[in-house]
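Line by line, the protein sequences give chains A and B. Everything in the first sequence is counted per my numbering, starting at -19 for the first residue and increasing by one. Everything in the second sequence is counted per my numbering, starting at -19 for the first residue and increasing by one.
No lab work stands behind these hints, which were simulated from the structure alone. For clarity, every value in this text was computed on a predicted model and none was experimentally measured. It is possible that part of the hints are untrue.
Copies of the same chain look alike in the list, so a pair counts if it works inside one copy or between any two.
[Unchecked claim] Okay, derived cross-link-like pairs now, DMTMM-like style, lysine to aspartate or glutamate, Cα gap no bigger than 25 angstroms in a straight line:
id	residue 1	residue 2
1	Lys(-18)	Glu141
2	Lys(-18)	Asp28
3	Lys(-18)	Glu52
4	Lys(-6)	Glu167
5	Lys32	Glu52
6	Lys(-18)	Glu151
7	Lys(-6)	Glu52
Here are the chains, one letter per residue:
2 protein chains.
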Amino acid sequence: MKILLIGANGTIGKAVGAELSQRHEVITAGRNSGDYRVNIQDVQSIRDLYAKTGTIDAVACAAGNVTFAPLESMTPEQFDVGIRDKLMGQVHLVLIGREYVSVRGSFTLISGSLADEPVLFGSSASMVNAAINAFVRAAAIELPNVRINAVSPTVLEESMESYGPFFRGAEAVPARRVALAYSRSIEGANTGQVYNVL
Amino acid sequence: MKILLIGANGTIGKAVGAELSQRHEVITAGRNSGDYRVNIQDVQSIRDLYAKTGTIDAVACAAGNVTFAPLESMTPEQFDVGIRDKLMGQVHLVLIGREYVSVRGSFTLISGSLADEPVLFGSSASMVNAAINAFVRAAAIELPNVRINAVSPTVLEESMESYGPFFRGAEAVPARRVALAYSRSIEGANTGQVYNVL
Chain A
-19 MKILLIGANG TIGKAVGAEL SQRHEVITAG RNSGDYRVNI QDVQSIRDLY AKTGTIDAVA
41 CAAGNVTFAP LESMTPEQFD VGIRDKLMGQ VHLVLIGREY VSVRGSFTLI SGSLADEPVL
101 FGSSASMVNA AINAFVRAAA IELPNVRINA VSPTVLEESM ESYGPFFRGA EAVPARRVAL
161 AYSRSIEGAN TGQVYNVL
Chain B
-19 MKILLIGANG TIGKAVGAEL SQRHEVITAG RNSGDYRVNI QDVQSIRDLY AKTGTIDAVA
41 CAAGNVTFAP LESMTPEQFD VGIRDKLMGQ VHLVLIGREY VSVRGSFTLI SGSLADEPVL
101 FGSSASMVNA AINAFVRAAA IELPNVRINA VSPTVLEESM ESYGPFFRGA EAVPARRVAL
161 AYSRSIEGAN TGQVYNVL
C-alpha cells in the first residue's frame, strides 16, 4: 500500500512509520519536516498536499494540537487551537482526501482517552477527542467507498516527562502499541471503529 | 430558584419553561424573544445577558444550531455553525456564567442522541453532541462550586415533521419528557452527568 502519514515526526508518527514501512510505502508529511509540508489548519495546505501525493491507499494522521490549561483560565482562543487543529484539521483531511484515497482505502485519525476519562486541565482535549470519535462513527456510514477509524490512546510512556503531571496514576503505553492500532485500522477491514489503546 | 432559560421559545425551551415555572422564577432569553435577547455565538452578547440577570441559581440552555447535510457536501462553514453555536456557544455560557451562578447552582446544556448513534446527514450533530457530553464530564471536575450536566434527547415528537426523514425508525420522545431531565439536573444534586432521553 501507499500510505500518507501526517505528523510523521512526532512520537506516535515515528512509531507508526516504523511499523508500516516494514510492509508498505510510507509518504511522510508534517508541519516542519517529512517528504511534504502541511498545516492541517489550512484547507489550501491540505489541498496542496493531496495534489502532490496523488492517489493513495491510506491516510494515517498522528498530528493535532490541543491546549491543556485550567478550565477557569481557558480563553476562546485556547479552545480554538484544539478545534481548528486536532478536530477540524483532521476532518478536513478526510473531506478533501476522500477523492484521493483508493476504493476500500482508509483514514485513521488520532483522538485520545480523555474523550472518555477526563483529567484536570484537559477539558479541551476531552471535547475534541470525543468529537473526533463521534465524527468517525458518523462519517463511516456516509463514506461507502472508503473506511475511517480513530486510534484513542492514553498517555504515552515517551511523553510522561511532559504530560505525566496531567495523568498521575495512568498506565502509560509505549508508542509502538499505538502504532499497532494504526496497523489494525489500515491493514484490517473495519470502519467506524475507535481503537482504544489503554 | 431563579433560573435563566436560554432558547426559551423553542420546542424544548417551552416545555422546560412550563415544567420549571411551576416551582421557580424562570427568566427567559432567546435570539428573537424572551425577557432578554442573546446570541450565544457572541461572547459579548453572553456577557451582556449575565450583566442583566445578575446572580442566578441555574442556567438551562435549550438553544444551539447545527447543520444537517450530506457529509460529501458539507463545507467548512457548515461545520462552523455547529461548532460556533451549539458547541462553543454553550461552552461560553458556562465559562462566562460561572461568576453569576450561586454555590451548588447548575448549568444544564443540550446535546443529543446522535452523539452515540449516528444517522445519515448528521455528522456535524454527532461531532458536536459528543463534544458537549465530554465537555460536561470534564468541566464537572474543574468546577467545584457549581454543577454541570447535559440533556441528550433523541428526536422530538414535536419535530418529526421536519426531522423525521433523518430519524426513520427512531422512537420519538415528547418535549415534556426532555423537560423532566432538565428538572432532574437542576433540582437534583448530580454533576458531570449526561441525561439521555430515549
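Practice item. Determine which of the earlier numbered hints do not hold for this structure and return their numbers in increasing order. Key: Result: hints 1, 6, 7 break, sorted rising.
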